[in-house]
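Using the sequences and the accompanying hints, generate a full structural model.
Sequences listed follow chains W and C, in order.
Using our numbering, read the first sequence as starting at 1 and increasing by one per residue.
Using our numbering, read the second sequence as starting at 1 and increasing by one per residue.
One should not assume that every hint holds.
Identical copies look the same in the list; a pair holds intra-copy or inter-copy alike.
[To be verified] Straight-line C-alpha distance at most 30 Å; calculated DSBU-like pairs for lysine-lysine:
1. Lys13 to Lys136
2. Lys119 to Lys99
3. Lys136 to Lys53
4. Lys8 to Lys53
5. Lys99 to Lys13
6. Lys136 to Lys87
7. Lys87 to Lys53
8. Lys119 to Lys43
9. Lys43 to Lys13
Note that these hints are calculated values from the structure, not bench results.
Just so we're clear, the structure is a prediction, and the values are computed from it rather than from any experiment.
Number of protein chains: 2
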Amino acid sequence: MKQRRNAKETRRKILEAARDEFASAGFEGARVDRIAESAGVNKNMLYHYFGNKDALFSVVLDEAYRDIRQQEAALELDHLSPLEAIKALVTFSWTYYLKNPEFIRLLNAENQLQGRHVKASADTRQINQTHLVRMKEILQRGREDGSLRDDIDPIQLNISIAALGFFYLINQHTLSTVYQRDLMSNEELDERLRVMQDTILCWVRR
Amino acid sequence: MKQRRNAKETRRKILEAARDEFASAGFEGARVDRIAESAGVNKNMLYHYFGNKDALFSVVLDEAYRDIRQQEAALELDHLSPLEAIKALVTFSWTYYLKNPEFIRLLNAENQLQGRHVKASADTRQINQTHLVRMKEILQRGREDGSLRDDIDPIQLNISIAALGFFYLINQHTLSTVYQRDLMSNEELDERLRVMQDTILCWVRR
DNA sequence: GTACTAACTAACTGGATAGTTAATTAATGG
DNA sequence: CCATTAATTAACTATCCAGTTAGTTAGTAC
Numbered sequence: 001m002k003q004r005r006n007a008k009e010t011r012r013k014i015l016e017a018a019r020d021e022f023a024s025a026g027f028e029g030a031r032v033d034r035i036a037e038s039a040g041v042n043k044n045m046l047y048h049y050f051g052n053k054d055a056l057f058s059v060v061l062d063e064a065y066r067d068i069r070q071q072e073a074a075l076e077l078d079h080l081s082p083l084e085a086i087k088a089l090v091t092f093s094w095t096y097y098l099k100n101p102e103f104i105r106l107l108n109a110e111n112q113l114q115g116r117h118v119k120a121s122a123d124t125r126q127i128n129q130t131h132l133v134r135m136k137e138i139l140q141r142g143r144e145d146g147s148l149r150d151d152i153d154p155i156q157l158n159i160s161i162a163a164l165g166f167f168y169l170i171n172q173h174t175l176s177t178v179y180q181r182d183l184m185s186n187e188e189l190d191e192r193l194r195v196m197q198d199t200i201l202c203w204v205r206r
Numbered sequence: 001m002k003q004r005r006n007a008k009e010t011r012r013k014i015l016e017a018a019r020d021e022f023a024s025a026g027f028e029g030a031r032v033d034r035i036a037e038s039a040g041v042n043k044n045m046l047y048h049y050f051g052n053k054d055a056l057f058s059v060v061l062d063e064a065y066r067d068i069r070q071q072e073a074a075l076e077l078d079h080l081s082p083l084e085a086i087k088a089l090v091t092f093s094w095t096y097y098l099k100n101p102e103f104i105r106l107l108n109a110e111n112q113l114q115g116r117h118v119k120a121s122a123d124t125r126q127i128n129q130t131h132l133v134r135m136k137e138i139l140q141r142g143r144e145d146g147s148l149r150d151d152i153d154p155i156q157l158n159i160s161i162a163a164l165g166f167f168y169l170i171n172q173h174t175l176s177t178v179y180q181r182d183l184m185s186n187e188e189l190d191e192r193l194r195v196m197q198d199t200i201l202c203w204v205r206r
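Spelled out as structure tokens, the structure:
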């Protein structure tokens, strides 16, 4: 028999609906009534579990970061050469963005607010810690076996990898209009990944 | 004696205030009352000259595009080698973003709305036309003198150039928090430009 | 100088929106 | 089975906000 009350499930439904709403409308554009409705719960539940709109958004953001970093951490890169490992990270970030379009939109919303939620979150930093350590290790390996340049800053590299894909996808609407080309067709998406891999590998290679 | 009425001036003040407000708060976060107040005009003037919030935003966007493309067109690239010309374009886009932080924030706001204003604007496409033609010419020169690869797509290149700088700046808040580094210090900004030039030139060079 | 038009003002409106209140009902532990 | 707690509901509120109305006043053309 189905439970009539289920705190965990209700919380989950709210978070899912909130993620979609914040991603599609931004923080200011998002409507708490809409979140409640599409979660199928009473609006007061959002306030009961999360306090207010800002706090709800903070949790949504943290969850989003947690998910991408968790999936990234699951990649097995140790048996790959440094160059192959970096290529795999480029591919991962691209496919993650494609499969989870809310992710980049949430980050965008947060940056429009000057990162006020992540700045207040102790979690965020911790979640992204391993992400950086991992790249450092790859660069170290590449330095040792001579396949990579020895002056690559891991932060710059991580930023560039994210940038090439993120910008393309987040600005797909203006870019497709300006350049009069459908940048979201399968062929174009494949082509973009090739360009990104090419660009990044060319830069890090010795 | 100062005119008590001045249509052109009023229009200009509204546009300037609107640009700043839309840039700092996004479209949904922007308040027409705030625009009117900081422009020092009666709110009804916005409706008198522009119709509504959406139409006002459209004009602001068009003006923003017009400005960057105009300044870009003023660069004298013909006497530079293809490689130098591309490097100059990378530098230009970076310094333009730094000097006009509203620009990237406006584009961001527009993309959060799925580009609904640019899609409706015949101007936008026309304004960005020369931007693409110019890159095509540089690539052609480079192909002829053998300094550049012959398989570079000008659209991909333009996107990558914009991406490396745009992403860094628009996400400065989350990135600085996540990586625990002040990415907006002068040293870091200079370093980023070097990375961008290095990355792009490495990719296009034969 | 008069008639006309465009610039400008102030006060208003209606719907939307984040958040609250107060009560009800289901689960849980002893 | 009873008392307590947590989940849930519905109705409400105060504020905010884009857009409007109904007018006044300054330029301008003849």
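Hints versus structure:
1. In the homo-oligomer, the alpha carbons of Lys13 and Lys136 never lie at most 30 Å apart, since the shortest distance is 37 Å inside one protomer and 50 Å across protomers.
2. Proximity of Lys119 to Lys99 under the C-alpha cut-off of 30 Å is found in both arrangements, the shortest distances being 27 Å within a copy and 25 Å between copies.
3. For the homomeric pair Lys136 and Lys53, neither the shortest alpha-carbon distance inside one copy (37 Å) nor that between copies (47 Å) is at most 30 Å.
4. In this homomeric assembly, Lys8 and Lys53 come within 30 Å of each other (Cα to Cα) only inside a single copy, at 19 Å, whereas the closest approach across copies is 41 Å.
5. In this homomeric assembly, Lys99 and Lys13 come within 30 Å of each other (Cα to Cα) only inside a single copy, at 20 Å, whereas the closest approach across copies is 43 Å.
6. In this assembly of identical chains, Lys136 and Lys87 lie within 30 Å of each other by CA distance both inside one copy and across copies; the values are 15 Å within and 28 Å between.
7. Proximity of Lys87 and Lys53 under a CA criterion of 30 Å is satisfied in neither setting, with 39 Å inside one chain copy and 45 Å between copies.
8. Taking identical chains as interchangeable, the C-alpha atoms of Lys119 and Lys43 lie at most 30 Å apart only when both belong to the same chain, with a minimum of 27 Å there against 35 Å between chains.
9. When the C-alpha separation of Lys43 and Lys13 is checked against a cutoff of 30 Å, the pair qualifies only within one copy, where the shortest distance is 12 Å, while the shortest distance between copies is 41 Å.
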